[in-house]
Amino acid sequence: MSNNPFPLNRDELLRAYRIMKTIREFEERVHVEFATGDLPGFVHLYAGEEASGAGIMMNLRQDDHISSTHRGHGHCIAKGVEVKGMVAELYGRSTGTCHGKGGSMHIADLDMGMMGANGILGAGAPLACGAALASKYKNDGTVGISFLGDGASNAGNFLESLNLAAVWDLPAIFVVENNGYAQSTSRDYAVAVDSYVDRAVGFGMPGVTVDGTDFFAVHEAAGEMISRAREGGGPSLLECNMIRFYGHFEGDAQTYRGQGEVDEIRKNRDCLKKFIQQVTQTKALKQSDLDGIDQEISVLINQAFDEAQKAPRPTEADLLTDVYISY
Amino acid sequence: MAREITIKEAIREALDQEMQRDPTVILMGEDIVGGTGSPGEDDAWGGAMGVYKGLFGKYGNRLLDTPLSESAFIGAAIGAATCGMRPVAELMFIDFLGVCFDQIYNQAAKFRYMFGGKAETPVVIRTMYGAGISAASQHSQTLTPIFTHIPGLKVVCPSTPYDAKGLMIQSIRDNDPVIFCEHKNTYDLVGDVPEESYTIPFAEANILREGDDVTIVTYGLMVHRAVEAAKQLAKDGIECEVIDLRTLSPIDMETVIESVENTGKLVVVDEANPRCSIASDISATVAQQAFKALKAPIEMVTSPHTPVPFSPDLEKFYIPSTEKIIASVQKTLSY
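In order, the protein sequences belong to chains X and B. Note that this note's numbering gives residue 80 to position 80 of the first sequence, counting from 1, and the numbers run on in steps of one. With the second sequence counted from 1, adding 1000 to any position gets you this note's numbering.
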């Protein structure tokens, strides 16, 4: 323990690793399975961005709320949504988190404070404001976190929500996961300011930019914002600069990316590799600690996919469940 | 004890009683308090129509003036609803739907189904609709059919103070998103309203006048024109059955079908534009379900398929009138 220079204890470090590695293995497997044609619909992978979701969610309680993006698998896992249900949901099976009604783009688990991945970019920002507003009335010290990408940062919903959160002094954090691309359009082309901190200041709230591939940087910056919000200090904006390993969606040929770009980031800007280096070089954790977790995750992911592929499909009768007006 | 109050007072009383009963009920919208942060008096407006006047003094920060950001605050109301609150958010004019519709139809309306039954979204969106005060094309529309088209939204449209109070209380207690549509020319209508709290269930139409000759089905302000038309027709011995739908989704088609099976003739009155309207929907359903009972083609009395004009002269021609309803009833009788 004396070797640990980090503000997280051994168990917390192991948990952070488990979250990031689970997301990575989940996404890498989804990538493989999608290519077989067995996974229906649109799928957007979070691989490469794990440090953001993990770094933020390690500061949260179960009763805190998050609204996610279209790229929501990582947020779900980090917020504690059960992996087997998620895989079954991706396959559209009745054992899925949303009984096959939501799919990858709408996975939600309100019991875990996960208000949903969202197919409408920027639409989660007002919802997180609502969670934060409810927190103020209930005086329960919870926060509402809105995740969005650099693309959605140009949507009116986000900009209106920044002002609303500031005006109402809401315990809300807006996390811009800036991976450099809105689908194929570069962030530098589509966002007029160089830093999202400028936007935060323009809306009357503090903003911080961090290296989103550095778990500890994200964890620390988010931790300060979340503590301040819990104590009534109002909203903040966190910009996490990061990269995605895969395309906008599975099937994206990514011809807009530079030659060798993905190879380079996998080699030099892999947040998981960076975390492993940080914790093993300082001897805070041993490689054997991580190997044990890897083993467990591998078993979990294999089981989750095996079970999902064999899980019952919804029937025609399920089409009309959870409906409150019928004609 | 019933006494005569206006629709405006009936809605205020419903909000007041529910706020008293349930601390999770909060109100939000533009100028619903009025004067927040301004140098003049608190509670300066009480809403554009004064519906909330006096509630701020009783409930303080449970009434929230919002920035002019419909998408953010309607969305926040929806988000808060999924987190245990029961917000009543005001979209001042139904026409402003265009700037916040995503939150209503892609978010609130979808949550319960899309999330596999786990989410409840007990939010009420109060909104003012309809023509009649020269508010012109962007403040006068009857967009009710846009809401009824969306699975996952309940749509309520009261015509009397009694219904306004009972339906508002029902809407607040409902666990799903409710769009509560109030015609801007009905706020000062008076009627008997009990002082105590009560609810009116959804999908229970109200037969305002019984008759065996022609069925007139309508909702909102048009109810009063239909009743006026029926009174005038009665002088010539024509007895119309007037049905006030009260809620548009869910809708009480049973009462409509039963009536048409008796009269064989149907006039549907709807202030909305005619295509894909409440009128066309009811006409289609009756044609499907009561074809054999029909003794004349169904008549639809609607606004024309144009934007709402500004000029009071033009607007008068635009809104379905008592005369047009009478003419349509006579047309079905002469078939």
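Hints may be right or wrong, so weigh each one.
Cut-off 27 Å, straight-line C-alpha distance, at most; resulting in silico cross-link-like pairs (DSS-like, lysine-lysine) [said to hold, decoys possible]:
#1 B:K1184 x B:K1053
#2 B:K1184 x X:K84
#3 X:K267 x X:K283
#4 X:K136 x B:K1118
#5 B:K1053 x X:K136
Just so you have them, the derived chain B footprint on chain X, three or more residues with Cβ under 8 Å [to be verified]:
#6 100 to 112
#7 123 to 136
#8 143 to 157
#9 205 to 213
#10 313 to 323
Don't read these hints as lab results, they were simulated from the structure. Being a predicted model, the structure only gives us computed values, none of them experimental. The beta-carbon is built from N, C-alpha and C at its ideal position, and this holds for glycine as well.
Claimed coverage, the stretch 100 to 112 of chain X by chain B - three or more beta carbons nearer than 8 Å: Contact hint for the stretch 100 to 112 of chain X vs chain B: holds, 8 residues under 8 Å.
Distance restraint between K1053 of chain B and K136 of chain X, which requires alpha-carbon spacing of 27 Å or less: holds (24 Å)
Pair hint outcome, K136 of chain X versus K1118 of chain B [Cα-Cα no greater than 27 Å]: Given that 27 Å is the threshold and the Cα spacing comes to 23 Å, the pair holds.
Outcome, coverage hint (the stretch 205 to 213 of chain X, chain B; C-beta under 8 Å; three residues): Result for this restraint: violated, n = 0.
Verdict on chain B covering the stretch 123 to 136 of chain X, where coverage means 3 or more residues with a C-beta closer than 8 Å: With 11 residues closer than 8 Å to chain B, the stretch 123 to 136 of chain X meets the three-residue bar; holds.
Chain B over the stretch 143 to 157 of chain X, status - at least 3 residues with CB closer than 8 Å: holds (count 3)
Annotated coverage of the stretch 313 to 323 of chain X by chain B, confirmed only when three residues or more have a Cβ within 8 Å: Since 3 is at least three, the answer is holds.
27 Å Cα cutoff - pair K1184 of chain B, K1053 of chain B: Given that 27 Å is the threshold and the Cα spacing comes to 17 Å, the pair holds.
Proposed proximity, K84 of chain X with K1184 of chain B (alpha carbon, max 27 Å): violated (52 Å)
Distance restraint between K267 of chain X and K283 of chain X, which requires alpha-carbon spacing of 27 Å or less: Cα-Cα ~22 Å, so holds.
When each numbered hint is compared with the structure, violations occur for hints 2 and 9.
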